[in-house]
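Novice: Given only the sequences and the hints, what does the whole structure look like? Please build it.
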Amino acid sequence: FETPKRVKRANGRSERRTNLRARDRPDDDARRTTPTNDPMAPGKRTKTKRKDDGKSTEAVRDDDEYEHAASDDDEDEDEEDLDGDDGDEDVLMVDFDFCDVQEGDFHGLKALLSGYCDGNEYACSDLCDLLIKQKAVGTVVKTEADSENVLGVTSVVSLARHKDEKCVKDIKKFLLGKVPGKSKKDFEKVLNDAATGLLINERIINVPQDAGEPLIDGVFDEIRWATKDETTEEARKSYEFKHYILVSTLFEEDGEEEAEPAAGKKRKKGQPTRQKIFPRLEEEILLEHSTNSYFWRGKQNEENDIADFLPHRCCMVVEARVIDAFRKDVKDLFQDFK
Numbered sequence: 001f002e003t004p005k006r007v008k009r010a011n012g013r014s015e016r017r018t019n020l021r022a023r024d025r026p027d028d029d030a031r032r033t034t035p036t037n038d039p040m041a042p043g044k045r046t047k048t049k050r051k052d053d054g055k056s057t058e059a060v061r062d063d064d065e066y067e068h069a070a071s072d073d074d075e076d077e078d079e080e081d082l083d084g085d086d087g088d089e090d091v092l093m094v095d096f097d098f099c100d101v102q103e104g105d106f107h108g109l110k111a112l113l114s115g116y117c118d119g120n121e122y123a124c125s126d127l128c129d130l131l132i133k134q135k136a137v138g139t140v141v142k143t144e145a146d147s148e149n150v151l152g153v154t155s156v157v158s159l160a161r162h163k164d165e166k167c168v169k170d171i172k173k174f175l176l177g178k179v180p181g182k183s184k185k186d187f188e189k190v191l192n193d194a195a196t197g198l199l200i201n202e203r204i205i206n207v208p209q210d211a212g213e214p215l216i217d218g219v220f221d222e223i224r225w226a227t228k229d230e231t232t233e234e235a236r237k238s239y240e241f242k243h244y245i246l247v248s249t250l251f252e253e254d255g256e257e258e259a260e261p262a263a264g265k266k267r268k269k270g271q272p273t274r275q276k277i278f279p280r281l282e283e284e285i286l287l288e289h290s291t292n293s294y295f296w297r298g299k300q301n302e303e304n305d306i307a308d309f310l311p312h313r314c315c316m317v318v319e320a321r322v323i324d325a326f327r328k329d330v331k332d333l334f335q336d337f338k
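Take the sequence shown: its position 205, counted from the start at 1, is 205 in full-length UniProt numbering, and no numbers get skipped.
Everything labelled a hint here was simulated from the structure, so no lab data went into it. Keep in mind it's a predicted model, so treat the numbers as computed, not measured. Any given hint might turn out to be false.
To be verified - Derived lysine-lysine pairs resembling DSBU-like cross-links, with alpha carbons at most 30 angstroms apart:
#1 Lys184 / Lys163
#2 Lys242 / Lys110
#3 Lys189 / Lys328
#4 Lys276 / Lys135
#5 Lys276 / Lys184
#6 Lys185 / Lys242
#7 Lys237 / Lys172
#8 Lys182 / Lys299
#9 Lys185 / Lys169
Said to hold, decoys possible - Simulated restraints on C-beta separations:
#10 Lys228 / Asp254: 41 to 51 angstroms
#11 Ser125 / Thr232: 23 to 33 angstroms
#12 Lys299 / Asp126: 13 to 23 angstroms
Ideal Cβ placement from N, Cα and C applies to all residues, glycine included.
Specialist: What follows is the structure in structure tokens.
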């Protein structure tokens with residue numbers, strides 16, 4: 001993993017150079033980079049380079065053919081190798097591009113964000129349009145081979161500046177419905193605060209986990225630059241956040257013998273803590289820095305049906321003053337990936 005390098009451009013955006021690597025077996029499914037919600041799906045080995053012209057990237061792809069040793073004397077052993085259940089592990093090169101959000105990303109964003117409200121209907125198209133119109137902040141993850149397929153997006157939306165947008169109203173209503181009654185008033189105050197940003201951080205599982213570091217660094221760098229570089233005072237002030245709200249997806253170990261605590265309630269003393277899996281590791285760190293967090297059971301479907309684990313959602317409130325410490329912890333976490 002190569003440490004991201006940033007250069008501030010005239011328009012306040014950043015250029016980042018990142019190499020992301022992950023290993024995988026060379027079966028047919030591993031050659032695909034189509035979206036999947038399976039949190040246990042394998043990663044891909046990647047090599048990503050940034051060009052000097054903005055956030056576009058130059059990808060280098062290794063398309064070497066994979067060969068399996070065949071034995072004339074043992075057909076069963078040969079079939080085992082072809083199935084990927086035996087033999088040495090091979091490497092597949094996949095190039096991930098970090099790009100500005102463009103108008104052509106609309107359909108890819110919509111596919112990625114359609115389940116943001118846990119299957120409940122909301123103005124997803126409006127949210128996609130909003131992310132596209134924001135020129136100062138936001139990055140999408142794609143592959144050079146498939147520029148229409150958005151594999152991830154990291155951005156922020158000012159809830160106050162865009163309070164009249166239907167997507168913002170829908171998301172607020174959805175989140176308020178998940179917060180327990182005794183916490184609803186305090187949470188609503190944060191939702192309606194003039195300096196609250198909705199942090200959007202969505203990726204499919206195929207994207208290597210260490211992509212989280214440059215994406216998180218990028219969005220907070222861009223927020224800082226936007227407070228100085230945006231063309232109007234209103235726009236500059238809209239990025240001066242005091243709080244962030246993030247809606248995360250996680251998977252929690254199933255426990256039939258004990259009921260799950262209600263959203264916002266603490267687990268009883270002596271009650272064992274079930275294992276939690278955060279597909280995006282940086283969100284687990286952000287949870288540790290949060291001032292409040294609310295959990296609820298997520299919608300289960302065939303794509304996220306994992307034995308002994310159930311999908312959950314978490315809404316966390318984070319103060320802007322802890323972001324520097326959060327970024328440092330993210331950097332320390334991904335040191336092991338380099």
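Novice: Now, for every hint given, state plainly whether the structure supports it.
Specialist: Hint-by-hint comparison with the structure:
1. Using a Cα cut-off of 30 angstroms, the hinted pair Lys184 and Lys163 holds, with the two alpha carbons roughly 18 angstroms apart.
2. With a CA separation close to 28 angstroms, the supplied pair Lys242 and Lys110 stays within the 30 angstroms bound.
3. Note on Lys189 and Lys328: the hinted pairing holds, with a Cα-Cα distance of about 29 angstroms set against a maximum of 30 angstroms.
4. In summary, the hint linking Lys276 to Lys135 is not supported, as the alpha carbons are separated by about 35 angstroms, beyond the 30 angstroms threshold.
5. Restraint check: the Cα-Cα separation between Lys276 and Lys184 comes to about 25 angstroms, which is no more than 30 angstroms; the hinted pair holds.
6. Between Lys185 and Lys242 the alpha-carbon distance is near 18 angstroms, which keeps this suggested pair within the 30 angstroms criterion.
7. A C-alpha spacing of about 21 angstroms is found between Lys237 and Lys172, which places the hinted pair at or below 30 angstroms, so the restraint holds.
8. At most 30 angstroms may separate the alpha-carbon atoms for a hinted pair to count; Lys182 and Lys299 meet this at roughly 24 angstroms.
9. As the CA atoms of Lys185 and Lys169 are separated by approximately 17 angstroms, the hinted pair is consistent with the 30 angstroms bound.
10. Roughly 48 angstroms separates the CB atoms of Lys228 and Asp254, a value that falls within the hinted 41 to 51 angstroms.
11. Checked against the hint of 23 to 33 angstroms, the C-beta distance between Ser125 and Thr232 comes to roughly 26 angstroms, which is consistent with it.
12. Between Lys299 and Asp126, the C-beta spacing of about 21 angstroms keeps the proposed range 13 to 23 angstroms intact.
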